[in-house]
Amino acid sequence: MGISTSKLVFELERIGGEAEYLVFIDGKRILDAYFISRAPVRGFERIVRGKNPLFVVEAVMRICGICHSAHGIAAVEALEDALGVSPPANGRLLREILGLLNRVQSHLIHLILITPDIIRKEFLEDILIEEIKLLNSVNDVIARIGGSPTHPPYIVIGGFGKTPSQKILSDQLRNTSNMLNTYRKIMGVLVDEDKQTEKVEILKSKITNIKPLASHLFYGDKYNINLQKIGVVHYNEYRGNDLPDQVSKATSLIALYDNKAVEVGPRARLTIYREYRDNSLWGLQYARMLEIELSLLRIMELLEQIDPSEPSRSGSIVFKRGRGIGVYEAPRGTLIHTVELDSDGRVSNYRIIVPTMFNIPYMESSARNLPASIADTIPRVYDPCIPCATHVVKVR
Amino acid sequence: MEHKPSILVYDLGGCEGCPLSILRVYPELKEIADLYTHHLGEIDLDKEYDVAVITGPICINEPEDIDILKKIRSRVRTLIAYGSCASVGGITLFCRGGQEPRPEHRTFQPISAIVNVDYAIPGCPPAPNLFIALVNSLRGGRGYFLQLFASVARAKRLSGFDLLDNIVLTGLCISCGACIISCPTNALQMIDRKPDLIVEKCIRCGTCCVRCPRFTQVLIQKYVLKKEVI
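Here the protein sequences line up with chains H and G, keeping their order. At position 191 of the first sequence (counting the first as 1) the number is 202 in the numbering used here, and the numbers step up by one without a gap. At position 13 of the second sequence (counting the first as 1) the number is -7 in the numbering used here, and the numbers step up by one without a gap.
By construction, these hints were calculated from the structure, which means they are not laboratory data. Note that the coordinates shown come from a computational prediction; the quantities given were computed from them, not determined experimentally. Just so you know, not all the hints are guaranteed correct.
Stated by the list, open to error - Derived contacts from chain G toward chain H, CB cut-off under 8 Å, selection only:
id : residue
1  : Gly(-3)
2  : Arg4
3  : His19
4  : Ile71
5  : Thr72
6  : Arg76
7  : Phe141
8  : Leu149
9  : Cys153
10 : Glu180
11 : Lys181
12 : Tyr203
To be verified - DSBU-like, lysine-lysine: derived pairs with alpha carbons at most 35 Å apart:
id : chain 1 : residue 1 : chain 2 : residue 2
13 : G       : Lys174    : H       : Lys331
14 : H       : Lys178    : H       : Lys144
15 : H       : Lys39     : G       : Lys27
16 : H       : Lys39     : H       : Lys217
17 : H       : Lys132    : G       : Lys207
18 : H       : Lys18     : G       : Lys27
19 : H       : Lys260    : H       : Lys210
20 : G       : Lys174    : H       : Lys260
21 : H       : Lys132    : H       : Lys62
22 : H       : Lys233    : H       : Lys62
23 : H       : Lys144    : G       : Lys10
24 : H       : Lys215    : H       : Lys18
25 : G       : Lys(-16)  : H       : Lys206
26 : G       : Lys174    : G       : Lys207
27 : G       : Lys27     : G       : Lys50
28 : G       : Lys10     : H       : Lys196
29 : H       : Lys215    : G       : Lys51
The beta-carbon is built from N, C-alpha and C at its ideal position, and this holds for glycine as well.
So here's chain H without its partners, still in its complex pose (with noise of 0.2 Å):
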């Protein structure tokens, strides 16, 4: 890099977790980034060996107190594999129920974080706190579907912990209703030109040419990707040699598919199933924004398919040898789970691909040209998940 060329780090704040944002400045354009998470590791996959099972759901869904609900069903899934079971039909739905709402409840999450980028300071106050009070109102029915708002217990192997009662599906239907026309309202604020700050002229300039991956548009389908394709690298063997000083305290790997880099998540989900097109900074955004009113959508759908006389957990489940995987649409985007139970049903393999890894190198690249001024904005935009990237073993 040239004489003119300077050096900005960025304590990122604002986002799911600890990172850094490391940009190279060439006057006033950025040259190229680095994002370097710095969460120490918990290692998830190691505490989880030797356990039962039971733990090991509990345990996975606290790798991240955002995205909870999905680390929990995509273990289920694999647990389920493993051991050949499978949920009726009552346990398939509310499980789809709970992953969306904690979509939903993930998205207005980072929306809470990224309006201050969005919406100019006159009217951050009011709209940010119309956000979080829907937050509440979804973290409420959460609570009351799934038994509590963060890491619900009722995720469990063979299906669902509890079924609703009749009369907690109709007020549930109801409040989701409610939130929908809240949402909306929400979101002509946030698309309203006139309260837009600049920033939002720059997302919608920058053109990114993306590769999208996604399994499913609301649960997650293992056949629909291949998941011999995907490799795991550490953070420097993807970004080359002679990198600067601080990327040797990164905490998080960098996950390819076919060798190559994919964007996960919102807008990859809709690019495959819903053709939309938007290559945009700020198409990714407008995507998330799209996904709630869509998944507010479908659980209207599914709380009316609920029939609460019926068993939501499969009667018999014998904890045996066995693998399994599971592919779930987290909010972030394709997660995978896989298992190696021993003979006396106990972990003795498991390894998590998160959505966050799969992200990183767009979170780098599409910063590229932009203006300094913007920096911190390009990686909030990709909603990174600090927690979850960091508690991931090397695969190959």
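Please arrange chain G on chain H, whose structure you already have, making use of the hints.
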């Protein structure tokens, strides 16, 4: 503390569920305190705050995090550990390290292993209303929650196993069922009017202990009033 206290919320590498649960009560909290959190932006660790709320465990093998924790402690009057990982270790007590890319991150502890903690609120995550109640008690300078959460800060480790050892097996249990309702993983069940622990589901969060009417008295007597109990 009669004025509106300034409160810093800082996460040390937990799952983010705890700081986000505080954000949920922001509309109420902003009336009684000035909140500074990573999630709203513009936090500055060089500034002084009245209260710091730490979420997430401390990784003993990460010197940078230990320095940050000590620095925060030195700059605030009151330090609160919020959530199970920060206050009693929680799920992160099970960490054993060995995982790429930082296999040296082996041991995670409650933050009281490194610094003095004034109050610790266990929960996975705690009900954020408890936090509002504690802030109100702090402003008033007295209240049950101050005693209870000060005792948890000194106990340093609480789990379903402690509930069994101290309350159920000693015969102090009054079979009220509060522990069973409070458990975030449904690891407790009532059998013959006695709580029973499904050991493989206990994540050592300590929530049951602070909800038990008997255990809370034991904790306060033992750690705050310094009386000899059981």
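> When the hints from earlier in the document are held up against this structure, which numbers fail?
Replying inline: The structure breaks hints 7, 8, 9, 12, 17, 20, 21, 29; every other hint is satisfied.
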